[in-house]
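**Q** Model the full structure from these sequences, guided by the hints.
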Amino acid sequence: MFSKKLSTAILSICDSQQLSYEAAAELCDLSPRYFGSIARGQASPSVNTLEKLCNGFDRSPNELLGFSTAEEEMAFRMASQVNHYRECYLFNGHTTTYPLCPHCNGSIEREYQNYCSTCGQKLCWDFYQYATPVNNSHCL
Numbered sequence: 028m029f030s031k032k033l034s035t036a037i038l039s040i041c042d043s044q045q046l047s048y049e050a051a052a053e054l055c056d057l058s059p060r061y062f063g064s065i066a067r068g069q070a071s072p073s074v075n076t077l078e079k080l081c082n083g084f085d086r087s088p089n090e091l092l093g094f095s096t097a098e099e100e101m102a103f104r105m106a107s108q109v110n111h112y113r114e115c116y117l118f119n120g121h122t123t124t125y126p127l128c129p130h131c132n133g134s135i136e137r138e139y140q141n142y143c144s145t146c147g148q149k150l151c152w153d154f155y156q157y158a159t160p161v162n163n164s165h166c167l
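In this text, residue positions in the sequence shown follow the working numbering: the first is 28, and each later residue adds one.
The hints are simulated quantities; they were obtained by calculation from the structure and are not laboratory data.
Remember, predicted model here, so these are calculated numbers, not experimental data.
For glycine and all other residues, C-beta sits at the position ideal for the given N, C-alpha and C.
You may find that some hints are simply not true.
What the hints assert, rightly or not - Simulated pairs of lysine-lysine, BS3-like, Cα-Cα distance not exceeding 27 Å:
1) LYS79 - LYS32
2) LYS79 - LYS31
3) LYS31 - LYS149
4) LYS149 - LYS32
What the hints assert, rightly or not - So the derived label-pair ranges between C-beta atoms look like this:
5) GLU49 - SER73: 19 to 25 Å
6) ARG67 - GLN156: 38 to 44 Å
7) ASP85 - TRP152: 37 to 43 Å
8) SER107 - VAL74: 24 to 30 Å
9) LEU38 - ALA158: 32 to 38 Å
10) VAL74 - GLU138: 29 to 35 Å
**A** Below, the structure is given as structure tokens:
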């Protein structure tokens, strides 16, 4: 859920401090291979590994996960109403719809899932039957 934000933060820190993956991994007491997979967003670290990253980079978990304020972090925990969907035309002439996340506007994989798999926003489906379509130029 937060792998992309963590990856972006790690890459930004390495870039700003001119650290190689090997040097950054050593700071964080991780193997270079595992550190690299986290930095590329290919692995989701455990809480213990997140703590090592925080200690190694001297950052808080909020900073590494991309939250600048407590209010911004809490916004993800409060459910946002799903109000829009994208209608896509399939090659066989049929159409399909994809609900859209109210936070990142990305397509939600399954209706009625609790959280957006792209940004982690908690979702509310109470009035989805009244959702409106948006421009379909970004179909999957």
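**Q** Are the hints correct? Go through all of them and say.
**A** Now the hints, each set against the structure:
A C-alpha spacing of about 17 Å is found between LYS79 and LYS32, which places the hinted pair at or below 27 Å, so the restraint holds. Taking the CA atoms of LYS79 and LYS31, the gap is about 18 Å. The hint holds against a cut of 27 Å. Among the hinted pairs, LYS31 with LYS149 is consistent with the structure: their alpha-carbon atoms are about 17 Å apart, no more than 27 Å. For a cut-off of 27 Å, the pair hint linking LYS149 to LYS32 stands: about 16 Å separates their Cα positions.
Our hint of 19 to 25 Å for GLU49 and SER73 holds, since their Cβ atoms are close to 21 Å apart. Between ARG67 and GLN156 the CB atoms are about 40 Å apart, so this pair conforms to the stated range of 38 to 44 Å. Between ASP85 and TRP152, the C-beta spacing of about 41 Å keeps the proposed range 37 to 43 Å intact. Our hint of 24 to 30 Å for SER107 and VAL74 holds, since their Cβ atoms are close to 26 Å apart.
Distance hint check: the CB atoms of LEU38 and ALA158 are about 35 Å apart, consistent with the given range 32 to 38 Å. Under the hint 29 to 35 Å, the C-beta atoms of VAL74 and GLU138, about 31 Å apart, fit the expected range.
The structure meets every hint from the earlier list without exception.
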